[in-house]
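Please put together the full structure from these sequences, using the hints given.
Quick note: the sequence shown uses the numbering used here, first residue 1, plus one each step.
No lab work stands behind these hints: they were computed from the structure.
Errors might be hidden in some of the hints.
To be verified - Here are the simulated distance ranges between beta carbons:
1. 9 <-> 44: 24 to 30 Å
2. 37 <-> 14: 16 to 22 Å
3. 47 <-> 27: 16 to 22 Å
4. 48 <-> 10: 24 to 30 Å
Even for Gly, the Cβ is constructed at its ideal location relative to N, Cα and C.
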Amino acid sequence: MAHGAHRSPLLPPRPDLGLAHDCEVCLGWGTVVTREGDHELCRACQPDPVDDESAARPGT
Numbered sequence: 001m002a003h004g005a006h007r008s009p010l011l012p013p014r015p016d017l018g019l020a021h022d023c024e025v026c027l028g029w030g031t032v033v034t035r036e037g038d039h040e041l042c043r044a045c046q047p048d049p050v051d052d053e054s055a056a057r058p059g060t
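In structure tokens, the structure reads:
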């Protein structure tokens, strides 16, 4: 029996589709689905997300 996706209060990450266009890992979507069913940015084509704390404190 097939089950639908679980509702999550968190929005999926927003990838840069220009970077994802030719990616073979995510097939151009910019995100991948983990075994737990969570959406994550593709590590092959998307840059690492900026850490809010380090962005708030320049020079660290």
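The hints, checked one at a time:
In this structure, residue 9 and residue 44 meet the distance hint of 24 to 30 Å, their C-beta atoms being roughly 28 Å apart. The beta-carbon spacing between residue 37 and residue 14, approximately 19 Å, falls within the hinted interval of 16 to 22 Å. Our hint of 16 to 22 Å for residue 47 and residue 27 holds, since their Cβ atoms are close to 19 Å apart. Between residue 48 and residue 10 the beta carbon distance is about 18 Å. The supplied range of 24 to 30 Å is therefore violated.
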